[in-house]
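*Asks:* Sequence:
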Amino acid sequence: MAFRSTHAVRRGLQSLLQKRADDVVFTTALRTPISRMKKGFKDAFPEELLAHVLQRTRERLESRGVDKDIIEDICTGTVLMELGGAKSGRMATLHAGMPITSAYKTVNRQCASSLQSITDIANAIRAGEIQCGIAAGVESMTRNYGSRAIPVDLSPILKESDSVDARDCILPMGETSERVADKWNISRERQDQFAADSHRKAEAAQQDGRLGSEIEPIEVRWIDPETGKEGKKLISKDEGIRPGTTAESLGKLKPVFRSDGRSTAGNSSQVSDGAVALTMARRDVAEAAGMEILGRWVGTATKGVKPDVMGIGPAEAVPKLLQRFQLKTDDVDLWELNEAFASQSLMVMDTLKLDAAKVNPKGGAIALGHPLGASGGRLVTSLLAELRRTGQQMGVATLCCGTGYGKASLIIAE
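To convert, note that position 200 of the sequence shown is 199 in numbering that gives the first Met the number 0; the numbers rise steadily by one, no gaps.
One or more of the hints may lead you astray.
Label pairs and their calculated CB-CB ranges [claimed, not checked]:
| hint | residue 1 | residue 2 | range |
| --- | --- | --- | --- |
| 1 | D330 | A20 | 20 to 26 Å |
| 2 | K37 | I149 | 16 to 22 Å |
| 3 | K231 | K182 | 45 to 51 Å |
| 4 | L93 | V8 | 32 to 38 Å |
| 5 | K67 | E218 | 20 to 26 Å |
Simulated from the structure, these hints should not be mistaken for lab results.
Because the structure is a prediction, the values reported are computed rather than measured.
All C-beta atoms in this analysis are idealised placements derived from N, C-alpha and C, irrespective of residue type, glycine included.
All chains should be modelled from the sequences, with the hints used to inform the complete structure.
*Replies:* Right under this line is the structure:
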């Protein structure tokens, strides 16, 4: 199907690399460390994490002489927060010192929620509704996981739907991973090696400071589990990385979702807490305000797949994205793939024929963690930082999403 758009879509590598006044650009990108579930952020509220990244974003803008009133809208991706995070999120923006005139909303696009918030802010800028906004994402899986991951109060008619795909929307995510491994013959050995590589890359990136460059340390409330005393604790680095992890050590773990399965706690993404925020604006507005331009958003594609193999979503969304902009896989310098499970990550890489050296150079969610609402923004933040560090330009961030679809965004660093 041919793409049609009311906006003049530039296509082809050379055209996309040309700068224009109406480009949608990123001017800040930062995140909290990612904490393991019930670890560093166990006593923190998600709105506190969100307020932190928003406050640090405001401070970065103001350090360059940018008036905070330039921010017209804030959109936060979140999956599990109570009432969709609408009230507590607005409280977080005002607590962080954002202007009262900036509007607020949340979006839930499952694991790609903050990639959706980026897309929503970008589209609002492109449509002329706003000139500058913040795309954010947050999740506390410590506080809100469990029953909220799969609905409990659900229509019995839908539970017994004649559509198997409708019924499969509430399959446990681990079962979808096993089905991907079965259907595409992804061995346990390959999954364990992929997971070990994720930890190896993340460990190296943590040691040499590449991960630290993305992170704003945060002091959070901490209740000592032994004494029960309340105090403060500074969290400054990602907690999920396990130094020295090998495929052999991972091979000793038992399957989690099936007795004879291939997905384990070691080759699946970690349940995590974290937050992210990115400032976006029209290029001419950003330049006039004195903002630093990190890169630009080009576009996003979303495509549905069968819910029982939801992890293959990027294998469908990425070709749709590349086709829209008349690009080839080889035109992309770096890929950020979420790593919900090693099984689906390998299926996507195999299907798209991706060069493994270009994928997740700082590790992915298996090593770093997967705070649902923050993951998409984390991918873009990592992508911008690594593209700029290496002097490369073109990057794609892509995630699979529960209930069956994939989402992918094209980013150009500057």
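*Asks:* Checked against the structure, which of the hints given earlier come out wrong?
*Replies:* none
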